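There are 4 protein chains.
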Amino acid sequence: MIIVMKPGATREQIEAVSERLVELGFKTHPIYGQEKTVIGAIGDKKALSSEAIINLPGVEKIVPIMKPYKLVSRELKETPTMVRVGGVPVGGRGLVVMAGPCAVESEEQLLSAARAVKAAGAQILRGGAFKPRTSPYAFQGLEEEGLKMLARVREEVGLPFVTEAVDTRDVALVAEYADAIQIGARNMQNFRLLKEAGATGKPILLKRGLAATIEEWLMAAEYILDSGNPNVILCERGIRTFETATRFTLDLAAVAVVKENSHLPVIVDPSHGTGSWRLVLPMARAAVAAGADGLIIEVHPDPARALCDGPQSLHPETFDRLMGELAPVALAVGRGLAPTGVFLEKAAVLAGGK
Amino acid sequence: MIIVMKPGATREQIEAVSERLVELGFKTHPIYGQEKTVIGAIGDKKALSSEAIINLPGVEKIVPIMKPYKLVSRELKETPTMVRVGGVPVGGRGLVVMAGPCAVESEEQLLSAARAVKAAGAQILRGGAFKPRTSPYAFQGLEEEGLKMLARVREEVGLPFVTEAVDTRDVALVAEYADAIQIGARNMQNFRLLKEAGATGKPILLKRGLAATIEEWLMAAEYILDSGNPNVILCERGIRTFETATRFTLDLAAVAVVKENSHLPVIVDPSHGTGSWRLVLPMARAAVAAGADGLIIEVHPDPARALCDGPQSLHPETFDRLMGELAPVALAVGRGLAPTGVFLEKAAVLAGGK
Amino acid sequence: MIIVMKPGATREQIEAVSERLVELGFKTHPIYGQEKTVIGAIGDKKALSSEAIINLPGVEKIVPIMKPYKLVSRELKETPTMVRVGGVPVGGRGLVVMAGPCAVESEEQLLSAARAVKAAGAQILRGGAFKPRTSPYAFQGLEEEGLKMLARVREEVGLPFVTEAVDTRDVALVAEYADAIQIGARNMQNFRLLKEAGATGKPILLKRGLAATIEEWLMAAEYILDSGNPNVILCERGIRTFETATRFTLDLAAVAVVKENSHLPVIVDPSHGTGSWRLVLPMARAAVAAGADGLIIEVHPDPARALCDGPQSLHPETFDRLMGELAPVALAVGRGLAPTGVFLEKAAVLAGGK
Amino acid sequence: MIIVMKPGATREQIEAVSERLVELGFKTHPIYGQEKTVIGAIGDKKALSSEAIINLPGVEKIVPIMKPYKLVSRELKETPTMVRVGGVPVGGRGLVVMAGPCAVESEEQLLSAARAVKAAGAQILRGGAFKPRTSPYAFQGLEEEGLKMLARVREEVGLPFVTEAVDTRDVALVAEYADAIQIGARNMQNFRLLKEAGATGKPILLKRGLAATIEEWLMAAEYILDSGNPNVILCERGIRTFETATRFTLDLAAVAVVKENSHLPVIVDPSHGTGSWRLVLPMARAAVAAGADGLIIEVHPDPARALCDGPQSLHPETFDRLMGELAPVALAVGRGLAPTGVFLEKAAVLAGGK
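Residue numbers (UniProt numbering), protein chains in the order written: chain A, 1 to 354; chain B, 1 to 354; chain C, 1 to 354; chain D, 1 to 354.
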């Protein structure tokens, strides 16, 4: 790290900082400028070191040189990580689409959604059994009953599923049923939940917090890897900005930034990221073009009667159209297609038709 | 609520929406404009109703008329709520200052901080035993050992204390020791934690999430009141914006907005809200002038060696100066002073001295 | 519009509001709910009317029903507008790429850039003669000399050009040379400049302000259309958010929102929108997939020696690669290609090669 | 500045960067860490230097050490600058309140407002003759006729006035009449306007842009000082954030940050900063407590019929109450009072009454 001293810092102050750095195990390299002095500090940056220095007299600021994350970084591991969710590889050449209802409402609703999304080419089912809702008066999910429905529908339809855990006390239960555990945006910095979910060894779908920087998001993933579980899939789902025309602002550049700095796969959630089903289609195409490894999309057999997130849920027919539109975009960015006949067929038809 | 139909909505679509509304228990009042039709819907808005309507053909948007929160609202309860933390009333005429270290590091450190803040006029001790940290490599708190130290120091110094709970599994433990339970900004929408903490009946210090709207913050408080616990103290602690000169942007207008819309007491955390001890003083004064019921401030006996948040922690001497500066501002806005001799004395000296 | 009365509003207050509305030319439709009364007001909403009502006693808030823009809206004009920049149609089936250096630095630099971007398939040249710079000590542009160079290079290379005007006093001069006038993000609400530029009748490239809502952006375009000039091209170039990993957050959903609400063409600037040349490639692809009508990209013959925006400028070779990557994405979303042999050829090779 | 090289940077790359730095006039100090090399560069940082380096092979990032502003900085000039607006000193011990209508609508309206604000203790009149409005259909101001009214009312009432210029072509005209020229938030980075206004030598009231960092705001002031005019008053007026309960988020910490980094006076606009007259009172008090040198507040004789910003305009009686509330807060932070009998009297009454 670099310690920048204030313009009027005295020689004694500069020396005191150097001594403290040496005491903390750093080698120091002072550089005396005309107006300011900076001190380069080389060593194994422990978490505390910058906090131990910043308040010393004469210090203006500390500039970190190293990234704060290690295990998730591309510097540590150059090759992309592939995470398998119930046999489906996420982060490989194939584009993976996860789809299903916001919340599991009934077995009938789930089965209908699952069949529709599978037919359209989705490879993983999504559906919430535990729902974090802004209002205590909103539907909070079917809980374990929902997990059981997800498991039965997996048997019936043949799609692995991802579902959210919202409490450390439920993690074991969720892990018992699910192929992958989702950590929602509002829990991205619920560090205990990250550790608990990580400890199950299950693939973790880690959504970006709605006000989390990319660095904080990667640090949250670092918690999971640090708990011994390398199976993390990152998910960009929109950040909170001043714009109110969309529910959130989908930050697709984050996909490219993550790809540059981390080996973990990253997918995009255009449903939450926009809050409007009409915007899901263009944003899903854009996410794939930006380099996302997959998508997670809300589909409901009857969006007008959804108990949760109706406005952003696609009708199965619209989802089918979306999958058709995605195929040529995926091809255009060199993505192999998922091994679903329907999907391949669609791509062929569309490629030929243009 | 008001349903706004699209410009080209047909009479059939308008009627279908009206019928669905009636089916959901609303009385409807259509208003036919030249370009658009809107439908007023009167009734007991259930959580689902707007989601059940928004996707019907021809609907452009839904405009809610009622606020989504009930129990926390001033419309329900006009008189301000006073919450007692170990005998100290928060939300009354007196201004309450909570102070202490970011994290409990040792009994010696805590005792030293507690004595200093009490001498300067603070009435409640703060200190973290469970610490949510961005990095898995940072100090995570002394956990139960820290709670025990807080309890011993409470005995020794005579200050009740507030401390954070970060996991539903620890809530009972924290409640056993603490006079008030803090829900941190990153857990503001950890709804399970809200319910669990609420169920203890203990006063809850609910920090605003760093990207939470005031409405969402009040909805989080609604979860606690809905769990049967009316003892909620709101705490503004800065929101995330594009400005990087401060760690967060302290939103003092939120204090006034909360006062207008809710009966709950609201305090301000200028330490986290700015991230720099030099800014704590002016922002503490400003918070009191804006109408806050209290402050929560980080004070460390030796900020340069703090294990957490050193840059924003005040040295006890600076805290003492701060309390001296607060006294006349509190008087200026008609706030009675806390019944601490030192504080009263300071105010008298300062009021006379100017 | 809808006037929402406060919960305790008296009948006199409600009537006073109704009377004022009638006085302002509205028909009123009061709806009496159990807790609140709302008044629907139908009529020709003049700019002042909501401001004339909001302060009347008992009024809680005003909810606008109609969009504030007219001339730019799709409700007024359903068919997309095509704007011709020196013969190149923007907003039609073809994807249009504008490229060139941030600032015109010398005729040699400009000529070299223009030749390179044309060879790669760009159809319009960009280059700043008047530069708005954050620092008064930074290079401010060659001004009229730069315009002359742009005009000479246009002759030489055969590309029309777009360049920025930053002062009402320069608009006529810029219009004399340029094929299209750019209004920069920092001047999006410089309403005099909008009017002056609009009055030239030249195509206007209107960048979104870095903190402008989509609605404000369309209102800025409304100023130009209201001045009698329908030739506006909107340009999304990133908004300011808390994220610091990128210079701005490119809001690609804005492209789709604009398409839904306006008939004007919209292009994307991934160079300013990300601030890093490495991110320009994925974001350019994503913008096309999201439905943008074109792109504007910074290309410099020697980015390492650029006088402006070097970090986000592409080397000509990288730009060439970018154009190659865009071709199949454009095809994938049904975009006809620009009539450039090189570009077509590239697309063919790539389409075949995959 | 510090150049941070990428982890894998080769010795050749490091040397090439050093050579380029030397070529640009810097002395270099490389520091070889275990994972990364950084190069300290000492010298007279020209505007271009970082841009000339950032694109060299192997460079990861550039960390500036020096602040980009010079003339406005406290490092250059330690003593606070006092700016006189028609004889009223801004930035001294006295707190200065500027008040008046958003827009000049008629001489009667202006005169009524001016008399009321003077009676309540305001020392400077505000009122817009040129209005930048989001909508082309909104009232745009009386222009020169408004300036004349302001001048006549100044004679009549005896208050100097500040008014906005929105176009370089009007600056001379505005300067002819006004005691101080306001640069509005939307024009903060209209650099030509800054230069033109600066060149008049008149005091400039420079509002912070709604998405401007404090550093950018100070850089805008630097443009004015660089044009030879040291008379700049900064004005915090709220920034744009995700919060919608207030029109903007008033960033009072910015007052303290500016005070730390610059010698220029800084005032606060709680009217635009909140958008609601009910919030003006607490925020005005808070601004003074935070250390602002003054306030600028919208007051209209009949807010319900204001042509502009009615919802945030105070009724004269409310303004009078506000001034009464400000007096003791000003005293509490050691501010001498403005030499207005009424104001002093109020303060005495209030100080005694509490």
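The set of hints was computed from the structure by calculation and includes no laboratory data.
Just so you know, these numbers come straight off a predicted model, no measurement behind them.
There could be a bad hint or two in this list.
Same chains, same label: a pair holds when it works inside one copy or across any pair of copies.
Taking lysine-lysine pairs in the BS3-like style, the calculated list, with each CA pair at most 25 Å apart, reads [stated by the list, open to error]: (1) LYS61 / LYS36; (2) LYS70 / LYS195; (3) LYS61 / LYS195; (4) LYS118 / LYS259; (5) LYS259 / LYS148; (6) LYS6 / LYS61; (7) LYS67 / LYS77; (8) LYS70 / LYS27; (9) LYS77 / LYS61; (10) LYS259 / LYS67; (11) LYS36 / LYS70; (12) LYS67 / LYS148; (13) LYS118 / LYS27; (14) LYS118 / LYS36; (15) LYS148 / LYS61; (16) LYS77 / LYS195; (17) LYS61 / LYS27; (18) LYS259 / LYS61; (19) LYS6 / LYS77.
Now for the hints, and whether the structure bears them out:
For the identical chains of this complex, LYS61 and LYS36 are neighbours both inside a copy (12 Å) and across copies (20 Å), given an alpha-carbon limit of 25 Å. Taking CA atoms no more than 25 Å apart as the test, LYS70 paired with LYS195 passes inside one copy only; the shortest distance there is 17 Å, against 35 Å between copies. For the homomeric pair LYS61 and LYS195, neither the shortest alpha-carbon distance inside one copy (32 Å) nor that between copies (33 Å) is at most 25 Å. Proximity of LYS118 to LYS259 under the C-alpha cut-off of 25 Å is found in neither arrangement, the shortest distances being 28 Å within a copy and 31 Å between copies.
Proximity of LYS259 to LYS148 under the C-alpha cut-off of 25 Å is found in neither arrangement, the shortest distances being 35 Å within a copy and 43 Å between copies. For the homomeric pair LYS6 and LYS61, the shortest alpha-carbon distances inside one copy (8 Å) and between copies (22 Å) are both at most 25 Å. When the C-alpha separation of LYS67 and LYS77 is checked against a cutoff of 25 Å, the pair qualifies only within one copy, where the shortest distance is 14 Å, while the shortest distance between copies is 37 Å. For a Cα distance limit of 25 Å, the shortest separation of LYS70 from LYS27 inside one copy, 21 Å, qualifies, whereas the shortest one across copies, 33 Å, does not.
Proximity of LYS77 and LYS61 under a CA criterion of 25 Å is satisfied inter-copy only: 21 Å between copies versus 31 Å inside one chain copy. Proximity of LYS259 and LYS67 under a CA criterion of 25 Å is satisfied intra-copy only: 15 Å inside one chain copy versus 32 Å between copies. When the C-alpha separation of LYS36 and LYS70 is checked against a cutoff of 25 Å, the pair qualifies only between copies, where the shortest distance is 14 Å, while the shortest distance within a copy is 32 Å. Proximity of LYS67 to LYS148 under the C-alpha cut-off of 25 Å is found in neither arrangement, the shortest distances being 42 Å within a copy and 36 Å between copies.
For the identical chains of this complex, LYS118 and LYS27 are neighbours neither inside a copy (59 Å) nor across copies (41 Å), given an alpha-carbon limit of 25 Å. For a Cα distance limit of 25 Å, the shortest separation of LYS118 from LYS36 qualifies neither inside one copy, at 63 Å, nor across copies, at 40 Å. Taking the shortest alpha-carbon separations for LYS148 and LYS61, neither the intra-copy value of 54 Å nor the inter-copy value of 36 Å comes in at or below 25 Å. Within a single copy, LYS77 and LYS195 get their C-alpha atoms as close as 22 Å, which meets the 25 Å cut-off; across copies the closest is 41 Å, which misses it.
Proximity of LYS61 and LYS27 under a CA criterion of 25 Å is satisfied in both settings, with 18 Å inside one chain copy and 22 Å between copies. In this homomeric assembly, LYS259 and LYS61 come within 25 Å of each other (Cα to Cα) only across copies, at 18 Å, whereas the closest approach inside a single copy is 30 Å. For a Cα distance limit of 25 Å, the shortest separation of LYS6 from LYS77 across copies, 15 Å, qualifies, whereas the shortest one inside one copy, 38 Å, does not.
Violated hints for the displayed structure, listed by number in ascending order: 3, 4, 5, 12, 13, 14 and 15.
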